[in-house]
Structures are given as C-alpha cells and as structure tokens.
Amino acid sequence: MSRFGERLREHAGDRPVLRRWPSWGAAAGAVLFYCLSLTPSMLPRSWWLQGVEAGVTAAIGYGFGALLGALAQRLGARPGPQVRRVARAVLAVLGSVLVIAVTARSVRWQGDVRRAVTLPPEISWWRWSLVPVVALLVLALVVPVARLLRLATRIVVHALGRVVPRAVAAGAGVVVVAVLVVGFVQGFLLAGVLNVVESAASLTDEGTTPGIVQPQLPTLSGSPASLESWQSLGSKGRDFVGTAATKAELTAFAGHEAVDPVRVYVGLRAADTLRGRADLAVAELERTGGFGRKVLAVMATTGSGWINKQASGPLEYLYAGDSAMVAIQYSYLPSWVSVLTEDEAVDAGRALFDAVHAKWATLPAGTRPRLVVFGESLGSFATEKAFDGRLDRLATETDGALLVGPTYDNPLWKTVTADREPGSPVWRPVFEDGRSVRFAQVPADLDVPARPWDGTRIVYLQNGSDPIVWWSPAMLLSRPEWLEDPRAKDVSPAMRWYPVVTFWQVVCDLMGANNVPPNFGHRYGTLPTDAWAAIAAPPGWTAADTARLAALMGS
345 MSRFGERLRE HAGDRPVLRR WPSWGAAAGA VLFYCLSLTP SMLPRSWWLQ
395 GVEAGVTAAI GYGFGALLGA LAQRLGARPG PQVRRVARAV LAVLGSVLVI
445 AVTARSVRWQ GDVRRAVTLP PEISWWRWSL VPVVALLVLA LVVPVARLLR
495 LATRIVVHAL GRVVPRAVAA GAGVVVVAVL VVGFVQGFLL AGVLNVVESA
545 ASLTDEGTTP GIVQPQLPTL SGSPASLESW QSLGSKGRDF VGTAATKAEL
595 TAFAGHEAVD PVRVYVGLRA ADTLRGRADL AVAELERTGG FGRKVLAVMA
645 TTGSGWINKQ ASGPLEYLYA GDSAMVAIQY SYLPSWVSVL TEDEAVDAGR
695 ALFDAVHAKW ATLPAGTRPR LVVFGESLGS FATEKAFDGR LDRLATETDG
745 ALLVGPTYDN PLWKTVTADR EPGSPVWRPV FEDGRSVRFA QVPADLDVPA
795 RPWDGTRIVY LQNGSDPIVW WSPAMLLSRP EWLEDPRAKD VSPAMRWYPV
845 VTFWQVVCDL MGANNVPPNF GHRYGTLPTD AWAAIAAPPG WTAADTARLA
895 ALMGS
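First residue of the sequence shown? That's 345 in this note's numbering, and the numbers climb one at a time after it.
Simulated from the structure, these hints should not be mistaken for lab results. Please note: incorrect hints may appear among the correct ones.
The calculated lysine to aspartate or glutamate pairs, modelled on EDC-like cross-linking and capped at a C-alpha distance of 20 Å, are [stated by the list, open to error]: (1) K833 to D791; (2) K703 to D691; (3) K591 to D604; (4) K758 to D736; (5) K758 to E825; (6) K653 to E593; (7) K703 to E741; (8) K758 to D777; (9) K591 to E601; (10) K591 to D889; (11) K833 to D456; (12) K638 to D604; (13) K833 to D789; (14) K653 to D604; (15) K638 to E741.
Pairwise CB distance ranges, derived in the manner of DEER restraints [what the hints assert, rightly or not]: (16) P843 to G527: 24 to 32 Å; (17) P861 to R422: 51 to 59 Å; (18) P464 to G527: 43 to 51 Å; (19) V792 to T548: 37 to 45 Å; (20) V523 to T548: 31 to 39 Å; (21) T548 to R428: 49 to 57 Å.
C-beta: ideal position from N, C-alpha, C; glycine also.
Produce the complete structure using the sequences and hints provided.
Structural data, given as structure tokens:
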C-alpha cells in the first residue's frame with residue numbers, strides 16, 4: 345500500500361468509505377425512515393418521485409441510526425459476534441417484511457390523498473412496486489457521499505489535532521468541512537445550475553406561444569404604437585398582452601358598449617435597471633391613457649414574468665374594458681429557481697409600485713383610477729414587501745389587494761395569521777372580524793364573517809393543500825398548526841407529522857403543486873374572479889354577474 349493510502353486509512357480509523365454491511369443501527373434507521381416516508385402527505389405524487397423522496401428520507405434515517413449506534417458503543421454497548429449476527433438476521437427478515445407491507449399499504453394511503461383532491465384513488469400497482477427499487481438506488485448514491493464527507497472531516501480533525509487540543513480540533517474540523525461544502529454548493533454547484541437554467545430560460549423567453557400574435561391596438565404594449573417593441577416583451581409579456589379581452593368580447597358580456605382595455609408590460613430587455621423598466625411602464629401607461637381608466641392594477645409577476653390569466657382577465661370584464669394593468673419582468677428564471685434570488689422580486693415590486701403610485705398621487709382625487717395590486721406566489725411576497733409588510737401602508741396606499749398562494753415568508757401574511765382571532769384555524773384565519781383582510785378557498789369564504797367590509801379590501805386565496813403556502817423550515821422539528829384539528833377539507837386526515845420526514849415530504853409536494861385539479865394544491869381556478877368582485881366591483885355589479893363571469897373564465 346502507498347504511503348498516501350496508509351495515511352488515508354489511518355485518518356479514516358480503518359473504516360472504508362464503502363462497507364460490505366451497514367451497521368445495525370444505520371440499517372434499522374433506513375428501514376424506519378423509508379416506511380415513514382410512504383405515509384400520507386399533502387398531495388399525491390408519482391411513483392418515481394415517491395421513490396426519490398423515500399430514498400433521501402431513508403438516507404437521513406441511515407445517518408441517524410449510525411449516529412445512535414456510535415453513541416451506544418461509546419456508552420459501552422458492545423454485543424458479541426453471535427448477538428450481532430442474530431440481530432442482523434432478524435432485521436433482514438423483519439425489515440424486508442416491513443418494507444413490502446408498508447409499500448403495499450401506501451397504495452391505499454395514496455388513494456386517500458388522491459380522494460382529498462378529487463382525483464381517482466386508483467394507481468398502478470406495478471409502477472408503485474418500483475418505489476423501493478428507486479429508493480434503494482438513491483440510498484446507494486447518497487450514503488457513499490455522506491461517508492466521504494465524514495472521511496474528509498476525520499482527515500481535517502487529524503491534521504488540526506497536531507496543533508490544537510483534540511476537542512477543539514473536532515469542532516473546528518466539522519466547521520471547516522461544512523464551510524467548504526456550503527462554499528462548493530453556493531459558489532460552484534448552485535451558481536452553475538443557475539447559469540444553466542437562466543441560459544435555457546432566456547432562450548425560452550425569446551419564443552412566442554402558438555396562437556399569440558402582435559396586437560395592433562394602441563392600448564396594448566408591443567403594438568406598432570407602443571414604446572416597447574414586440575420582441576422586447578419576452579415570451580410571458582407577449583402572452584400577457586396577447587390574451588387581453590377584445591372589445592367585442594367585453595361588449596357581449598356587459599350588454600353595452602365596452603372599450604379596449606389597457607395592458608402595459610415592460611420586458612427584461614427593455615432597460616438595464618429595474619428603475620428604468622418602472623419608468624418605462626409609467627410612460628407607457630401615460631401613452632395608453634391608463635391613468636384615465638376606472639381601475640388600475642399593478643401586477644407583480646412570478647420569476648419568469650408570468651401573470652395568471654385567471655387573475656388578469658376578470659378585471660377587464662368587471663369594468664367593461666375601462667381598466668389598465670401594468671407589470672414588469674425582472675428575471676427569466678421560473679419561480680422554483682427565482683426563490684433563491686427573491687431580492688430581485690422585492691426590488692421589482694417596490695420599484696414598479698412606487699413609480700406608478702408617484703404619478704397616480706399627482707392626479708385629482710376625484711378623477712384618478714381605483715388603484716389595486718395583485719401578486720401570486722413569489723409575486724405576493726414581492727407585493728407585500730413593496731409596503732414593507734405593513735397592513736396600514738397597504739390599506740392606505742391602495743384601494744384593494746389580491747394575494748394568491750402566499751409563501752411562508754410573506755411578512756404581512758405571517759403577522760395577520762399569527763394575530764388571528766382565537767378559534768379560527770390557521771388555514772382559514774379571521775383577522776379583526778374580517779373588516780379589511782379575508783382568506784378564502786371557496787367563494788363562500790369571502791362572506792365570512794357575515795359583516796360589512798370596512799375600507800380597503802385585502803383578500804388572500806390559499807388552499808389547505810397548497811405546499812407553497814404551508815411549507816416552512818420550522819417543520820423540521822415542530823408540528824405545523826395546519827395539521828391540527830380541524831383540518832382543511834383537502835388535507836388527508838391520515839397525514840401525520842414526523843420530525844424531519846414530514847419536512848422532506850412537503851418539499852417533494854412542492855414539485856407537484858400544480859399537478860392537481862383546480863382549487864387544490866397551488867391551483868386556484870376561477871376563484872380570483874370571485875375575489876376581484878369582492879375587492880373592487882363597480883357600482884351595479886351583482887352576485888349573478890360574478891357567477892356569469894366565473895363560468896366564462898372557467899370555459
């Protein structure tokens with residue numbers, strides 16, 4: 345053996361990176377955590393995603409089991425060879441039986457979760473039988489990496505132990521390896537992934553959705569009369585202006601002559617800075633006459649610049665086209681990546697609202713439009729931060745707000761939820777008797793409590809089964825309130841909280857948040873129609889009009 349190999353073996357403590365058999369504690373931990381990972385979660389998932397989730401969870405259990413086993417040995421628990429052989433044999437038999445039994449039982453659990461979101465309960469048995477296979481492959485990849493990190497820590501501790509006391513070296517070694525790993529992930533791996541994703545997203549942003557054509561109306565950005573070129577809008581911007589309701593459609597719904605709506609969008613390519621894009625947006629609003637409409641909506645986009653048509657469309661029908669909407673793009677990245685750079689979303693939301701509000705505030709109070717704001721998912725976070733997360737600012741500087749699928753980090757949402765009235769559940773809180781802020785999953789929720797609104801109306805739409813709303817780091821070690829009774833109707837009654845396990849389950853649920861029917865997960869269907877009608881209905885608007893519009897938006 346080479347001198348390097350001898351020293352490496354010395355530092356590793358005669359423990360190879362790959363062992364023929366895992367320790368009893370590690371194997372038991374992996375089996376236990378695998379079984380827990382198959383218990384009901386928030387949303388149904390595919391067999392391969394369940395396999396990945398189970399494999400990672402089993403690897404976590406492997407680590408916990410190995411740690412407990414090492415502690416037991418240090419405390420003097422050292423069974424003889426015969427006892428260890430018997431224990432391994434028993435674990436092999438019972439563990440195999442348990443894995444098979446729980447995997448089979450999880451088919452019914454998945455059925456329960458699917459029923460909760462109105463999906464057919466049946467799933468493919470033969471595909472689900474591949475879950476433990478995928479889990480084993482993932483476990484086989486993760487465990488060697490973890491053992492390599494442990495080996496690296498031992499090498500660093502051994503080196504430091506020559507110059508500092510052993511206890512200090514042990515702590516410092518862990519810190520050094522942790523810093524190196526974090527630095528590698530953030531400075532190299534994550535940055536590389538972001539660069540690749542952004543490059544791919546920028547290419548996608550250059551494309552145009554089939555069926556979307558350049559508008560000719562001067563009230564729309566990207567038209568020949570616009571300050572913004574059609575190409576500069578980006579893919580999501582072209583979708584936004586290209587799906588505006590037509591005057592004929594609006595007239596047919598209203599029963600009287602409508603007008604062409606205003607939609608303003610400034611793409612990422614239009615200016616180098618957020619301030620520059622916000623100023624262009626205001627200039628475009630002035631060109632189109634947006635400040636002369638009855639309602640003006642400032643729309644915070646998601647990471648890629650997308651705006652949900654179920655949120656933008658209803659306002660045009662509510663006001664028979666006498667409306668204006670404005671948005672700017674701040675990123676090419678999809679929301680699941682752009683959460684890593686959420687400061688850009690915050691800065692964009694603040695820059696746009698401040699620029700629009702500054703111009704709006706100069707208009708005569710009796711003639712300026714009703715000013716409302718909208719944000720969905722990361723956009724709701726950006727909208728709240730534009731007002732420093734303060735309810736008083738949001739209520740006094742706007743005439744209404746619609747926030748859809750807020751994140752756990754939304755500052756105003758957290759405050760209002762924490763200060764809810766006693767007895768109201770966290771998934772449908774009542775705040776200050778519903779005077780200004782209300783939460784809804786179905787239209788009827790907007791009328792709870794049964795008392796008149798006061799002043800500015802702020803509505804949060806949040807499904808009980810939306811992982812984007814309910815995931816939080818605190819789930820690692822504490823049971824979330826949304827799992828307490830009574831639960832939301834779309835959360836399986838069989839779901840339980842387990843430390844670490846449930847956290848990782850809901851992380852995986854994030855990936856399927858949009859792969860469910862409307863009104864579940866992160867899909868809100870036509871509910872924004874009802875919300876806008878509650879927030880900013882024009883005079884003479886009726887509940888029957890809302891029902892007609894919701895039916896139209898859902899068609």
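Q: Return holds or violated for the Cβ distance of V523 and T548 against the range 31 to 39 Å.
A: With a Cβ separation near 36 Å, V523 and T548 satisfy 31 to 39 Å, so the hint holds.
Q) Do the alpha carbons of K638 and E741 lie within 20 Å of each other, as the hint requires? A) Given that 20 Å is the threshold and the Cα spacing comes to 17 Å, the pair holds.
Q. Quick one, are K758 and D777 close enough, alpha carbons at most 20 Å?
A. With a Cα-Cα distance of about 17 Å, the restraint between K758 and D777 holds, given a limit of 20 Å.
Q: Note whether the CB distance of P464 and G527 lies within 43 to 51 Å or breaks it.
A: 47 Å Cβ-Cβ, so the 43 to 51 Å window holds.
Q: Could you say whether the range 49 to 57 Å given as a hint is met by the Cβ separation of T548 and R428?
A: With a Cβ separation near 56 Å, T548 and R428 satisfy 49 to 57 Å, so the hint holds.
(Q) Given the hinted pair K638 and D604, is their Cα-Cα distance within 20 Å? (A) holds, 13 Å
Q) Are the Cα positions of K591 and D889 separated by 20 Å at most? A) Holds, at about 18 Å.
Q.
Check whether the Cα positions of K653 and E593 lie no farther apart than 20 Å.
A. holds, 15 Å
(Q) Assuming the hint says 51 to 59 Å, is it satisfied by the Cβ distance from P861 to R422 or not? (A) Holds - the Cβ-Cβ distance for P861 and R422, about 56 Å, lies within 51 to 59 Å.
Q. Falls inside 37 to 45 Å, the C-beta gap from V792 to T548?
A. holds, 41 Å
Q: Take a quick look at whether K833 and D791 sit within 20 Å of each other, Cα to Cα.
A: holds, 18 Å
**Q.** 20 Å limit on alpha-carbon distance, applied to hinted pair K591 and D604
**A.** Holds, at about 5 Å.
Figure legend: structure checked against the earlier numbered hints; every hint is met.
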